[in-house]
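Number of protein chains: 2
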Amino acid sequence: MQNTFALRGNLVYTPACGELALHPHSYLVCENGALAGIFDTLPARYAGIPVEDHGDKLILPGLVDLHAHAGQFAYRGLGMDLELLDWLEQNAFPEESKFADPHYAEAAYRLFADALTRSATTRFCLFATLHRPATLRLMALLEAAGLRGFVGKVNMDRNSPDTLRETTAESLAETCRWLEESADFAHVRPMLTPRFIPSCTDEMMAGLGRLQREFGAPMQSHLSENLSEIAWVAELCPGTRFYGEAYARHGLFGGACPTVMAHCVWSGEEERALMKENGVFIAHCPQSNMNVSSGIAPVRQFLREGQHVGLGSDVAGGAHLSIFRAMTDAIQASKLRWRLVDQDLPALTMPEALYMATKGGGAFFGKVGSFEPGYELDAVVLDDAALPTTRPCTLAERVERVVYLSDGQPCAKYVAGRRLF
Amino acid sequence: MQNTFALRGNLVYTPACGELALHPHSYLVCENGALAGIFDTLPARYAGIPVEDHGDKLILPGLVDLHAHAGQFAYRGLGMDLELLDWLEQNAFPEESKFADPHYAEAAYRLFADALTRSATTRFCLFATLHRPATLRLMALLEAAGLRGFVGKVNMDRNSPDTLRETTAESLAETCRWLEESADFAHVRPMLTPRFIPSCTDEMMAGLGRLQREFGAPMQSHLSENLSEIAWVAELCPGTRFYGEAYARHGLFGGACPTVMAHCVWSGEEERALMKENGVFIAHCPQSNMNVSSGIAPVRQFLREGQHVGLGSDVAGGAHLSIFRAMTDAIQASKLRWRLVDQDLPALTMPEALYMATKGGGAFFGKVGSFEPGYELDAVVLDDAALPTTRPCTLAERVERVVYLSDGQPCAKYVAGRRLF
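Line by line, the protein sequences give chains B and L. Heads up: the first sequence runs through residues 1031 to 1451, numbered per our numbering. Heads up: the second sequence runs through residues 1031 to 1451, numbered per our numbering.
In short, the hints are calculated from the structure, not lab data.
A short, non-exhaustive set of chain B residues, derived as facing chain L with CB atoms under 7 Å:
1) Leu1108
2) Ala1349
3) Leu1366
4) Arg1369
5) Leu1370
6) Met1380
7) Arg1431
A quick note: this is a predicted structure, and the numbers were derived from the prediction, not measured. No residue lacks a Cβ here, since even glycine has one placed at the ideal position from N, Cα and C.
Produce the entire structure from the sequences given, and follow the hints as far as they go.
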């Protein structure tokens, strides 16, 4: 019973999309980092185990951020009056170039890792920058913080400023070395990260495909985010019928290569069919899609099709690291899409958004994002006492209020059974 | 020189829509509650006046909330999975009914007044509820807090639950009494508040028109928010060509009656022309328009037409009282509208959103919302030190970051030259 303990509080999770499981004032037992069960009263077989009693607070699964750029955190909330491709030129590329300097990278990634640690996010897929040493440093900071997830050294060998471009050979060699050096980390693992098709030559993509097969690393990139980007990809990749094919033809689109694709705002039927077939995860990033004027992804359609969908903050296309904010952005955007674009796709609901933010995205990491038996214990404890109201609230309503109104910072956080604070 | 003092800090305001005036480390001199001028160094004639030095912090005009429901604050962030008319039935009406109880009203309005005081909002147009005593209590709390603006006792005599409906005669008599009793307040003034056309009979509207002419009170209501609401109004008011006419035919649509209309999401050409002609103020409430699935108002069109436009939090259709949040919601919504609806109407920019949040809405209150000479000194001091970044920022960029990232709570606040905290 050494590695066994219990949390007590108001437990809420989503066993299925749209379904809210509510366990007021219950015990959640954790054995060896994984969930043993939820109980109204602690069973006799657990007598004497440590109980961390969180009183009347809310306990939710840790949140999952399926897409964010750690190397852009320094300019979140800046330059938001630009569209995607201009925004990349004027904001993203100059900032990311600075990560060649290890001192700058250290300072910037420390701020990022601190903010991510304080947030309700427990798992993530992150873009770093081109720079191997800085990327390793980011991984070390996140591992030391007790967080878990994937980080990618970015690849770029075309259509990039001189300060942020590698030769193809250099990029592949650095990536190979980085994959080897990442063996130092147990819980923050490497993920292949071609920035997006316009930044990567066919030769680069083919090389990354080979590395994928050699190392078995998963992969992340951007897909069908913005209409001008899609037109550019079509130009760059003659013979492809849709954007996703530009990845798929190199074996980098799900299947044997676990893949997260950010955005998919404009993914057509063929692209979505291939995503579904290959089990590609969609990182829905509603705030970023507003900020850089991309549009609104048809999330209801994704859910109907049985796609894997999680949420991404997409810092710094999104200004906010909070996945609670991503949940409400997703709901709000889906309402506008319903009203303005397609009344056959009803808006998302709070339980659906919570599912995407936890179990939906969590599935990329294995049994993560739920309080069902066997799931790794990622949990956040939320105190809504700072949000006083005269209206009596049910437990489900308290969750909705916390998601809409809180700053997204839990008062306690557990990752794979380990308490971080 | 008794009522003369200076603020020192980084002064930022919008003399015109889209134009940002930046005065780093400057002095703003206030005489008798109004702005005397901005100076790099304090002129000799002001030698010896008290200087409140806010160091490197940002100083902006106080923000203006042109539309919020004080009586709905208790359930902000709740029941957001509903569309407007269902949301009114299930959320708004049951909550507002409670304000018949003075004890409930006291507790609920205290929470609201505290939150509004801590926020960056200095001026407002607020809906209370039907209840005269509770409305007077709200006015007293806001006046005691040092805030300034308008509050309305709501009128409803049809299509409302039994617990939230008056007879026409009762409603008009109570409104008249409330207008008389409001004479107690110097800075929080009464505003006629027919809820919206579906809640008010023609007889009620005619009576309110008479009260308007007798007391000279301004007026606020809702206009063209939601398609199902508009269809309902057309049914209820045969012979009107557009929603606004249902107000205008009773003399309650601008002109001699200073008027704020919330939403105007679907206002057509004729309605907009009449608003322009009559100087009706538009309270743009982007978050609420998302939350209750109304749509996106064509704000760029309003600005081109020279309409008066300010921002509204529309709590609790909007979950957030912060007008900073309303600014970023307005920008984000305008980007989606540009992308999805009408590429002839470019997105709003940060300086335009700041204008609407200050001088645009402030014009309803006189010379309010700018740091130009003669304006009443409403100012908020913002400390962005809690938002650290490794990226050097210009003054304009610091403002953008604070608007996107801060919790909207200033560290000091001045209303008409008086410091609140």
